[in-house]
Structure formats: C-alpha cells, structure tokens
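Engineer: Sequence:
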Amino acid sequence: MADDSRCIRLRGVRVHNLKGIDLDLPLNRLVVLTGVSGSGKSSLAFDTLYAEGQRRYIETFSAYTRQFLEKLDKPEADRIDGIPPAIAVAQRSGGRRSSRSTVGTVTEVHDYLGLLFARTGQVICPVCGKGVEPANPATVARTIDALPEKTRYQIAFPMEIRPDSDRGALAGILREDGFARVRVDGQVVSLEAGEFPMPSDGSIDVIVDRLVRGSDSPERRLDSIETAFAKGLGRCRILTDADAISFYQGWRCGHCGIDYLEPDPRLFRYNSPLGACPTCEGFGRVIDLDMDRIVPDSSKTLRGGAIVPWTTPTYRGQLADLLDVATDLGIPTDVPFKRLTDAQRQTIVEGDPNHDFPGLRGFFRWLEKKSYKMHVRVFLSRWRGYSPCPSCGGARLRPESLAVRVDGRNIAEVSALKISDVTPFLAGLTESDQNPVVQRVVRQIRARLDYLERIGLGYLTLDRQARTLSGGESQRVALTTALGSGLVNTLYVLDEPSIGLHPQDSDRLIAILRSLRDAGNSVVVVEHDQAIIRAADLLVDIGPGAGEAGGQLLYNGPPDGIVGTPQSATADFLSGRRRILIPDRRRPRDRGHLKLTGARGHNLKGIDVTFPLGVLCVVTGVSGSGKSTLVEETLYPALRRRLGNEALQAAPHATLSGTSDLNEAVLVDQLPIGRSGRSNPVTYLKAFDEIRKTFAATHDAKLRNYGAGQFSFNVEGGRCNSCEGNGFLAIDMQFLPDVMMRCPECRGTRYRPETLEITYRGRNIAEVLELTAREAFAFFRHRPKVQARLRPLLDVGLDYLRLGQPASTLSGGEAQRLKLASYLATSPSAMTRSANRPKTLFVLDEPTTGLHPADTLKLLDALNSLLDLGQSLIVIEHSPDVMACADWIIDLGPGAGDDGGRIVAEGTPEEVARMDTATGRVLANWLGTKI
1 MADDSRCIRL RGVRVHNLKG IDLDLPLNRL VVLTGVSGSG KSSLAFDTLY AEGQRRYIET
61 FSAYTRQFLE KLDKPEADRI DGIPPAIAVA QRSGGRRSSR STVGTVTEVH DYLGLLFART
121 GQVICPVCGK GVEPANPATV ARTIDALPEK TRYQIAFPME IRPDSDRGAL AGILREDGFA
181 RVRVDGQVVS LEAGEFPMPS DGSIDVIVDR LVRGSDSPER RLDSIETAFA KGLGRCRILT
241 DADAISFYQG WRCGHCGIDY LEPDPRLFRY NSPLGACPTC EGFGRVIDLD MDRIVPDSSK
301 TLRGGAIVPW TTPTYRGQLA DLLDVATDLG IPTDVPFKRL TDAQRQTIVE GDPNHDFPGL
361 RGFFRWLEKK SYKMHVRVFL SRWRGYSPCP SCGGARLRPE SLAVRVDGRN IAEVSALKIS
421 DVTPFLAGLT ESDQNPVVQR VVRQIRARLD YLERIGLGYL TLDRQARTLS GGESQRVALT
481 TALGSGLVNT LYVLDEPSIG LHPQDSDRLI AILRSLRDAG NSVVVVEHDQ AIIRAADLLV
541 DIGPGAGEAG GQLLYNGPPD GIVGTPQSAT ADFLSGRRRI LIPDRRRPRD RGHLKLTGAR
601 GHNLKGIDVT FPLGVLCVVT GVSGSGKSTL VEETLYPALR RRLGNEALQA APHATLSGTS
661 DLNEAVLVDQ LPIGRSGRSN PVTYLKAFDE IRKTFAATHD AKLRNYGAGQ FSFNVEGGRC
721 NSCEGNGFLA IDMQFLPDVM MRCPECRGTR YRPETLEITY RGRNIAEVLE LTAREAFAFF
781 RHRPKVQARL RPLLDVGLDY LRLGQPASTL SGGEAQRLKL ASYLATSPSA MTRSANRPKT
841 LFVLDEPTTG LHPADTLKLL DALNSLLDLG QSLIVIEHSP DVMACADWII DLGPGAGDDG
901 GRIVAEGTPE EVARMDTATG RVLANWLGTK I
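Be aware that the sequence shown starts at 1, since it is given in UniProt numbering, and climbs by one per residue.
In silico BS3-like pairs for lysine-lysine, Cα to Cα no more than 30 Å straight-line:
id, residue 1, residue 2
1, K231, K130
2, K130, K418
3, K338, K595
4, K686, K858
5, K839, K686
6, K595, K300
7, K839, K785
8, K785, K693
9, K785, K702
10, K702, K686
11, K605, K418
12, K839, K300
13, K605, K595
14, K150, K231
These aren't lab readings, by the way, just hints derived from the structure by calculation.
Could you put together the complete structure from these sequences and hints?
Structural biologist: Shown next as structure tokens:
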C-alpha cells in the first residue's frame with residue numbers, strides 16, 4: 001500500500017449533475033463508487049477521472065498524433081491534481097463487434113501467436129507432408145551426406161524445353177558453357193551428338209557433375225551445387241538411380257513444386273489482405289442460399305408452394321417452369337419436399353442446362369444483375385444466409401498460412417483449442433525450444449491466457465466470434481485486454497466488472513482487482529454488487545437521488561462506515577433496513593408453455609426445455625453455461641420464425657411446440673436505440689409527437705399558423721438553419737481534433753427564435769427538452785396522453801433522464817430499460833387486461849445491468865405490470881434479487897463451456913434452493929433455506 005498522502009485531489013467537480021464535489025482518492029487503492037442509477041457515478045469515474053487522466057497523457061503527444069486518438073473533453077472542475085495516466089474498461093458498447101473480431105484479436109493473443117508462427121513455424125506441404133524451406137548449398141550438401149556410402153549421384157539443374165525450341169542450338173550453347181550431358185526422361189544423353197530428344201514432360205536435367213558419396217571432394221561438390229543454383233535460376237536437383245530430389249532457393253516444395261509465402265506476422269492475420277482467405281476475405285463464411293429460409297416448411301410439396309420465393313406474384317412463373325420440366329427431370333411435385341432425394345434437391349438448386357432450367361442458383365444470379373434496385377436487394381437478402389467458407393473451412397486464412405505449423409499444429413488449430421488447452425501447448429514449446437524469441441512471445445501470450453482463466457473464461461476458444469459472447473463474457477474479455485498489458489502506476493476505471501458473473505464467481509473477480517491494485521495501480525470501480533462493495537479499501541457513495549436530485553457526495557470512507565449515513569440508499573440495503581420483498585406465492589403455471597427439444601447450439605447437450613408462459617421465468621447458471629445460446633440464439637429466433645414474424649437463423653435444435661398461445665415475441669436487449677444526437681428518449685417513446693401537438697395547440701401557435709412540425713428539430717421549418725437542429729457546429733482544426741462549438745445562432749437550443757417564442761405554461765420547446773422525465777411528468781399534468789407516454793420511464797427507474805438526452809450517451813442497461821418502457825407506453829385504456837390483447841413473450845438479457853438495488857425494485861414492478869397484463873417473461877439473470885422473485889427458474893450448468901449446457905435444476909426458487917447447485921446455494925443463502 002502507498003502512503004495516503006499520495007492521492008488524487010478533486011476540487012469543485014461540476015461534470016453533468018455533480019454538485020461541485022471535493023474528494024481525495026488515495027492512490028494504489030481499490031475504490032468503489034456506488035449510488036442509485038443516474039446519481040453521477042459514471043460522471044465522476046469516466047467523465048472526470050478517466051477523461052482527465054487520458055487527456056493529460058494524450059497532450060504529451062504531437063499535434064499530428066493526437067488527431068488519431070480519442071478526443072475527451074476537459075472535465076468541468078476547479079482543480080484536479082495528482083492524477084496518473086488512465087485506462088477505462090466500460091460496459092459493452094452499442095454496436096456489435098465486426099464478424100472479424102474474435103476472442104484472440106480482442107485480447108491481442110492472436111497477434112502474438114502470429115509472431116510466434118512467423119518466427120518459429122515450419123512450412124509443411126499439405127500435399128506430400130514434407131517440410132518446405134529455402135534451400136542453399138549447405139542444405140543440399142547435408143542431404144547428400146545423408147545418402148548411403150558409395151551411392152552414385154549427379155548434381156543437375158532443370159531446364160524447360162518448348163516444343164518449338166531448336167534443341168540442336170540449345171545443345172551447342174550448353175556445350176559452350178561446359179556441360180556435356182543432360183538427362184531426358186530418365187536417360188542420360190551426351191550433348192556431343194548434337195540435338196537431344198524432346199522430353200515427354202517438357203523438362204530436362206542438365207548435369208553439372210557426377211560424384212560418388214564418400215569419395216567426393218567437399219570443395220568440388222559445393223562448387224557444383226553453386227553452379228547448379230546459378231544456372232538453374234535458383235533450382236538444383238540431386239539425381240540418383242532411385243530418386244530425384246529438387247531444391248529451391250525460394251519457398252517451394254521440392255517434391256510437389258508448390259509455391260508458398262515466406263512466413264510473416266501479417267500472413268497469420270485474417271484482417272490483413274496478405275493473410276486473409278481470398279474466398280471469404282477473412283470472415284470464415286460466405287453468403288449463400290439459405291434453404292431453411294427458401295423452404296421454411298419442408299412438409300409442403302413443390303406444387304403446394306414449398307419454395308417460398310417462387311410463390312410471390314412476381315416470380316410465380318419460375319415455379320410454373322419447374323412444374324413443366326419436373327417430369328423430365330424425374331422430380332415428383334406432389335410429395336413433401338423433405339422426401340425428395342438429395343439428387344432431386346440438388347437439381348432444384350443447381351438447375352439442369354439440358355432442360356433449360358436454371359434452378360434456384362441461376363434464378364438468384366439473374367436477380368443479382370438487377371441488384372441496383374432497392375426492392376431487389378431486399379428480396380435477395382430474405383433468402384440468403386451464411387455458410388462456412390468452402391475454401392478455408394472457416395479457418396479464415398489462406399492455404400499458405402495454414403501450411404505453417406508449430407509443434408504439428410497450424411494457427412487455426414491452435415485458435416480452435418479451448419483457452420485452458422492452449423496453456424499446456426505453449427508450455428511444451430518453452431520446454432523444447434529455448435530460443436529467446438519463443439520465450440518472450442510465449443510469456444506475453446500466457447500472461448493474457450492466465451487472466452482469461454482466472455476470470456473463468458478458460459472454456460472459450462480463441463477463434464470464438466466476439467459478437468457471439470454474452471454480456472458478461474464480453475465484459476471480462478475487455479477486462480483482460482486492459483489487465484494483460486501489465487502496466488503499473490496507472491489508474492484503471494472499471495464499469496461494473498461483475499456484469500454477467502454468477503454470484504459464486506465474485507470472489508474470483510475480487511482477487512483479480514486486488515492483484516491489479518497490489519501491482520502498483522489505482523483501481524476505481526463503479527459497482528452495485530455487495531460482495532465487491534464490502535471488499536473495497538475505500539467506498540464513495542453518490543446521491544441521494546438521480547439526475548438533479550443526485551450529484552452530492554454522501555459518504556467517503558471504509559465500507560463498514562456507510563451504514564449510518566442518512567439519505568443513502570446504498571446504506572439502507574447494505575444494512576438490511578431495506579430489501580426487495582420476496583412474493584408470498586408464485587404465479588400458477590397454467591397459461592401454457594413452450595417446449596424446445598434437442599437444443600444443441602454451442603455447448604448445449606441436446607437438451608429439452610419447457611418454458612412456462614404467463615409467469616416470470618428466469619434462466620440462470622454460471623457464466624458460459626449456455627443461457628444466451630438457449631434463449632437468445634435458439635428459442636427466440638425459432639419462435640419468431642414459427643410465428644411468421646421474421647426468418648431468423650436459430651441455433652441447432654429439433655422442435656419447438658406450444659407457440660399457439662403466443663402472437664408475438666420481443667427481444668429487449670442492450671443494443672443502443674440510436675447513435676446520433678437526434679435520437680433521444682422522448683422521440684423513442686413517441687412522446688415528442690404529443691408534446692409538439694401540445695405546443696401547436698397553443699393560442700400563439702394557432703395565430704401564426706404553426707403546425708406540430710414547426711417544433712421538430714429534425715425537419716426544416718422551426719429548427720435552426722445554421723446548425724440544422726444539432727445545436728452545435730463542428731469546426732475542422734486540421735491536425736488538431738475537431739472542436740464542437742455551440743451554435744452561435746440558436747445557442748444550442750436547436751430552434752429558430754420564432755419557434756422559441758411559443759411557450760406552454762411558461763416554457764418553450766427547448767426548455768421542455770431539458771426537463772427530466774419526472775419533471776416533465778409533473779409539468780404536463782393536464783396532458784394525459786403525454787403523461788401516458790412518460791409514465792413508463794418512471795416505472796423502470798429512468799425518471800432522471802432528460803427528455804432531449806442523446807441516445808448515444810445511454811448505457812446498455814439504460815437502453816434496455818428504455819426499450820422496455822416503450823412497450824409499457826400505451827394509452828390508459830390499453831393498460832387493462834383483455835382477451836383481445838396480443839399475447840407477447842418478452843425476452844430480456846440481464847435487465848439489472850447497471851441497477852442499484854433500489855432501481856431493481858422499480859424494474860421488478862415494471863415486469864410485474866407486464867405479467868398482470870397477461871404477457872409472458874423469460875429473463876436471463878444472475879441477480880439473487882430477481883431469482884428470488886421469479887415464479888420459475890431454469891438453472892443451466894453445472895460449469896461453463898463443455899462442462900455446462902445441461903439443466904441442473906428446475907422449479908420455484910424454494911425448490912431450487914434445496915438443490916446442491918451453484919444457483920441453489922446462492923438462493924439458499926438469500927432465502928434463508930437450508931439445502
């Protein structure tokens with residue numbers, strides 16, 4: 001531990017809603033920031049500490065370099081002293097990662113593996129299985145030394161002969177160069193005879209010297225080899241009675257004549273044009289016809305419309321053409337498509353030129369010629385999907401890259417290993433090869449793999465696509481990227497690293513955070529998990545409320561001392577004064593159920609799962625046990641396809657039944673609702689339409705003939721013409737970062753002065769957009785339609801959001817709750833339960849992300865309101881509070897990766913708490929039940 005006098009001193013911090021707080025944070029400590037959602041924790045951690053630490057570090061670079069780095073605004077504060085360079089590990093951001101991004105590339109392990117293969121790998125010809133390396137006189141001499149004693153051999157070089165060549169003149173030239181013999185089709189021919197026979201394979205061997213192994217002179221042999229390489233354009237051959245061995249000074253197989261590339265680190269990167277497979281361009285898969293989309297119901301016949309694209313009015317003629325030639329092609333048209341033979345289905349896909357039938361592939365090739373039309377591109381996208389690349393088989397790399405092997409494996413085979421299996425592979429390399437390059441590279445790789453294993457991700461493979469990771473897995477992989485660098489005297493700012501972690505794994509995460517601190521770093525963590533809060537060296541509580549009601553420093557000290565802090569919601573829950581109440585009874589499971597059989601995507605073991613409807617069904621289990629695969633990648637897309645909503649690609653499974661009880665399926669994930677500054681909560685909830693109508697209905701607006709469009713900043717008319725409704729102007733600073741300047745015309749309000757002259761209850765439209773959801777709800781107390789749209793924001797705990805806050809500034813958890821609010825934002829008359837209401841299944845992925853226990857209580861109330869309306873909920877969750885309030889729990893496990901993918905427990909929380917599983921033990925402690 002460092003001396004407490006060394007600390008970060010913050011004075012008068014006023015970033016966002018922070019109320020000019022003063023705070024001293026000692027260096028080399030584990031500091032946890034807590035408080036209700038929207039209280040100002042992220043403003044202090046990321047917009048102040050990280051932004052200032054990173055900004056000061058970047059300012060040490062040249063102006064030219066700074067233009068390529070992330071631009072961070074200077075925090076609004078009186079003074080910040082003693083802050084070290086900072087690294088931030090935020091929650092998984094908005095958009096999904098590229099398909100090229102894998103666990104190996106995100107953690108930089110793949111880059112180091114590429115360096116290892118480039119420096120120590122051996123090129124193995126996949127055709128003959130023999131090593132390939134550039135030859136030189138020394139390697140040829142070693143091959144000759146390996147021949148048996150007294151073996152007669154000849155040193156020669158190859159020469160290609162064209163059929164129209166003047167072989168007599170060529171023989172004369174060779175004689176002038178001192179060569180007396182050539183070998184043609186295995187026979188030695190003297191050049192003294194003049195013209196030599198035409199070789200059958202178009203190549204002859206010009207003999208440089210004839211020697212006998214054991215009695216040859218090393219100097220003469222070496223001189224002859226050098227002559228052969230010089231005259232043979234880098235090629236040399238050793239001829240014996242039994243064999244002919246070829247040598248090349250380039251990367252060419254001496255037995256097969258296949259050329260290879262010299263190993264280079266770029267050759268092993270599928271993000272590089274040098275290493276990427278030329279067919280799939282490094283993606284590992286190609287776009288091809290998706291027969292599951294083209295023939296969604298294989299029980300239909302061809303005549304009955306099994307091929308859906310050919311049932312549309314525009315292309316119905318294609319089906320008529322098939323029916324006309326079906327008899328000649330031997331394809332029955334009145335039997336189910338699934339009973340057709342493979343050959344018959346192949347003919348339908350590939351066509352038959354003898355009968356002038358182009359098939360499905362020819363049909364889509366014809367459509368591609370019209371892809372400049374938007375509707376054709378949309379039509380094409382409906383029937384296509386991804387399939388493994390036929391060239392690389394999904395390895396992403398070109399054949400020359402895959403020919404390089406280390407210890408018998410190519411880089412794709414190493415990347416396909418589980419992380420826990422890569423470590424033994426590397427250990428074997430360091431034991432067998434003491435090369436300093438190998439030792440240093442392996443040390444870097446093992447440092448990162450060690451972190452991945454320590455945080456429970458040893459079951460992942462390095463080639464796993466980053467976009468397929470669950471939220472918790474993605475967060476911990478990002479954590480590894482930062483922690484694996486081995487930096488010291490650095491400020492690490494982490495945003496809820498416990499996201500996606502099962503409660504049993506909290507101790508493992510705490511150990512990593514402490515090791516990071518003990519290495520000489522300062523660690524600041526925004527967190528709500530009680531175990532991590534209690535493990536902190538210093539606890540900082542911000543509050544007491546959200547938005548304008550927050551931003552105050554409530555507590556700064558050891559975790560145990562917060563219990564008596566007034567106004568602190570954190571203190572209430574840590575002390576047990578407040579807690580989320582467990583329901584007295586569970587909802588009956590009498591509303592039907594979904595039954596999914598044979599689910600075997602990723603690590604699922606062909607399981608059969610029954611999901612009850614009309615209840616709060618929670619799917620839980622340790623991270624990596626298969627929850628996201630089961631619910632998001634299998635059940636949801638299969639249900640959407642079955643309901644006819646969308647033709648999504650579902651993970652492998654057998655059947656899905658029980659869908660007749662549902663009309664709709666909705667996935668409420670954490671992807672952003674928008675990336676531009678024009679998208680905000682009030683527009684997403686459609687409340688802005690009602691607000692603009694309210695302003696248009698005022699007396700002044702009617703006098704000026706202003707409609708609702710006059711109050712929109714997205715269309716011309718009422719918006720500022722200078723900034724086009726953005727509120728700011730981007731000033732190009734050449735080599736310096738762009739400067740975002742408040743628009744001088746509208747002063748950031750986005751509107752023309754004429755528009756701002758219209759007020760409702762004393763506020764203009766720009767001032768209304770600056771209100772929080774709770775303030776706006778009270779302000780529009782006489783406008784029930786506006787309140788109906790805003791109420792769900794209060795119900796899901798987002799009452800602190802400003803109406804005009806850009807959607808790009810929302811966290812993943814806030815975006816998810818905003819989506820949930822949009823489904824709750826219906827008219828009062830629709831909030832009553834009705835038999836005619838569409839029956840919807842809502843699927844939520846860890847909705848408690850970023851939530852304080854006080855906000856989790858509001859979220860549960862919102863979920864219960866959906867259930868009271870007759871809807872169904874399936875929630876992926878690790879929070880003990882949500883698990884304890886569930887009506888039914890499906891627990892996957894027992895471990896992660898190959899050790900998971902099974903159902904280890906099912907039942908009510910009380911029933912699961914009596915089972916000896918990871919979740920059962922957590923629930924037993926939470927509910928006070930003994931196993």
